[in-house]
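Trainee: Last residue of the sequence shown: 192 in UniProt numbering, with the numbers rising by one and none dropped.
Careful, some of the hints might be misleading.
Claimed, not checked - In silico DSS-like pairs for lysine-lysine, Cα to Cα no more than 30 Å straight-line:
{"id": "1", "residue 1": "K85", "residue 2": "K21"}
{"id": "2", "residue 1": "K85", "residue 2": "K59"}
{"id": "3", "residue 1": "K21", "residue 2": "K59"}
What the hints assert, rightly or not - Each pair of labels, with its calculated beta carbon distance range:
{"id": "4", "residue 1": "N5", "residue 2": "E151", "range": "35 to 45 Å"}
{"id": "5", "residue 1": "F145", "residue 2": "T25", "range": "25 to 35 Å"}
{"id": "6", "residue 1": "S152", "residue 2": "P110", "range": "45 to 55 Å"}
{"id": "7", "residue 1": "L139", "residue 2": "D105", "range": "26 to 36 Å"}
These are computed hints drawn from the structure, not numbers from a lab. Every residue gets a Cβ at the ideal spot worked out from N, C-alpha and C, and that includes glycine.
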Amino acid sequence: MPDPNQAALDFLLTRRSRPAKTLRTPVPDEAALRTLLTVAARTPDHKKLEPWRFIVLEKPALERLALMVPDRAEALGIAPETAEKMVRQFADADLVVAVIGVPRDNDAVPEIEQILSAGAACYGLLSAALAAGWGANWLTGWAAFDRPFIESGLGLRSHEFVAGFIHIGTETSAPPERPRPNLDAITEWQRK
Numbered sequence: 001m002p003d004p005n006q007a008a009l010d011f012l013l014t015r016r017s018r019p020a021k022t023l024r025t026p027v028p029d030e031a032a033l034r035t036l037l038t039v040a041a042r043t044p045d046h047k048k049l050e051p052w053r054f055i056v057l058e059k060p061a062l063e064r065l066a067l068m069v070p071d072r073a074e075a076l077g078i079a080p081e082t083a084e085k086m087v088r089q090f091a092d093a094d095l096v097v098a099v100i101g102v103p104r105d106n107d108a109v110p111e112i113e114q115i116l117s118a119g120a121a122c123y124g125l126l127s128a129a130l131a132a133g134w135g136a137n138w139l140t141g142w143a144a145f146d147r148p149f150i151e152s153g154l155g156l157r158s159h160e161f162v163a164g165f166i167h168i169g170t171e172t173s174a175p176p177e178r179p180r181p182n183l184d185a186i187t188e189w190q191r192k
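Please build the complete structure, drawing on both the sequences and the hints.
Mentor: Structure (structure tokens):
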């Protein structure tokens, strides 16, 4: 018979992201953040390839990224209101961890498995932050997929990608619960 960790199950059953726009200071200090990153690094990782890495973006780096957004948005023909939303995503944040996908050449581990591992690292970091009592949100947005922006702004190499921007801070207002998927509508049981 299994020995369940009921507290962990209860946490996972009620886990809820906190909107990034509601997060403020204080944010985790380096020691607290290292614990959260350690949790995220325990993600499933076939062959121990570590197909992800972390970039911790503190306030000055976030302000620098916010200043880069308007020029890239204009070059891409992005509507001003959409560009402004991306500016705010960086400018209003106090701490963001960019989880970077780093696919490795490996015949035994298809790239899709490595991409999924990077996504799992995002979820691990998000869940660890929430479990530690912080507010947290996993965002991307158009800038996460714009090669010139991520290469010049984050220093990514050509084969790397942003799996997620994990915003972490102190929650200022709790969001209402949202509707959850109908489990019966998304689950198929194959018994034969």
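Trainee: Now tell me, hint by hint, if it's right for this structure.
Mentor: Hint by hint, here is what the structure shows:
1. K85 / K21: Holds, at about 10 Å.
2. K85 / K59: holds, 17 Å
3. K21 / K59: Given that 30 Å is the threshold and the Cα spacing comes to 15 Å, the pair holds.
4. N5 / E151: 35 to 45 Å: holds, 42 Å
5. F145 / T25: 25 to 35 Å: holds, 29 Å
6. S152 / P110: 45 to 55 Å: Violated, at about 30 Å.
7. L139 / D105: 26 to 36 Å: holds, 29 Å
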